[in-house]
Amino acid sequence: GDSVTQMEGPVTLSEEAFLTINCTYTATGYPSLFWYVQYPGEGLQLLLKATKADDKGSNKGFEATYRKETTSFHLEKGSVQVSDSAVYFCALSKGLDGSARQLTFGSGTQLTVLP
Amino acid sequence: DTGVSQDPRHKITKRGQNVTFRCDPISEHNRLYWYRQTLGQGPEFLTYFQNEAQLEKSRLLSDRFSAERPKGSFSTLEIQRTEQGDSAMYLCASSLASYRARGLANHEQYFGPGTRLTVT
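So the protein sequences, as listed, match chains P and G.
To convert, take the position in the first sequence, counting from 1, and add 1280; that gives my numbering.
To convert, take the position in the second sequence, counting from 1, and add 399; that gives my numbering.
Derived from the structure by calculation, the hints contain no laboratory data.
Even glycine gets a Cβ: it sits at the ideal position worked out from N, Cα and C.
Warning: the hint list may mix true and false statements.
Claimed, not checked - Simulated DEER-style distance windows between Cβ atoms: (1) G:480 x P:1338: 29 to 39 angstroms; (2) P:1333 x G:414: 16 to 26 angstroms; (3) G:413 x P:1282: 43 to 53 angstroms; (4) P:1302 x G:473: 10 to 20 angstroms; (5) G:479 x P:1358: 49 to 59 angstroms; (6) G:473 x P:1326: 14 to 24 angstroms.
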């Protein structure tokens, strides 16, 4: 079945450091890929997405590129802030955007940014 | 606030009791999803509705679990004869699926804050 593997956390960085959170997936067909973020005490929020190979999703300084050849969707940010402290989830949904149904999530990566 | 809401936010129950959770999706959304999230894990899909029709159920959804969306608006998730292994965060999400020239397009899923269930 489909699956998503994320780098294990927790990750602790100093403010303004470079962030990479690795994500790889296993799926047949052409999944759409997502990064969700969960801030303390809040619900999951979509951070960015990519629906086809070589697409780059970006939002709030975060970026991720859909790499079909390596089945990866790594999350990056050039300079993290304390307010980026949260749990980050990589996810996929099967098929093209039009047939997407349930999301399959990775196990999450806790990020803590220290001032 | 017009986001997805869930009630209650926390529920503590004794093993063997029945519990029911409610989810109110974003009003114009026709798809509604239930997920379960245990500590340190990502959410796992349970079931989803398009309007009032329950279109898919995960194997995680044992026969003690039942979900309804009677009028295509709010949904309830009931767990009968709760077990300690049912302790988890139950998440609801909603989305809008609409027909475009290229076919069916399913937009972003918006999540509620979750209901945390503790079975003692």
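We went through each hint and held it up to the structure:
1. Look at residue 480 (chain G) against residue 1338 (chain P): about 47 angstroms separates their beta carbons, and that is not inside 29 to 39 angstroms.
2. For the hinted restraint 16 to 26 angstroms between residue 1333 (chain P) and residue 414 (chain G), the CB-CB distance of approximately 48 angstroms leaves it violated.
3. A C-beta distance of roughly 36 angstroms is found between residue 413 (chain G) and residue 1282 (chain P), which places it outside the suggested range of 43 to 53 angstroms.
4. At about 38 angstroms, the beta-carbon gap between residue 1302 (chain P) and residue 473 (chain G) misses the expected band of 10 to 20 angstroms.
5. Take residue 479 (chain G) and residue 1358 (chain P): their Cβ atoms lie about 50 angstroms apart, and the range 49 to 59 angstroms holds.
6. One distance hint, 14 to 24 angstroms for the beta-carbon pair residue 473 (chain G) and residue 1326 (chain P), holds here, with the actual separation near 22 angstroms.
Hints 1, 2, 3, 4 from the earlier list are contradicted by this structure; the remaining hints agree with it.
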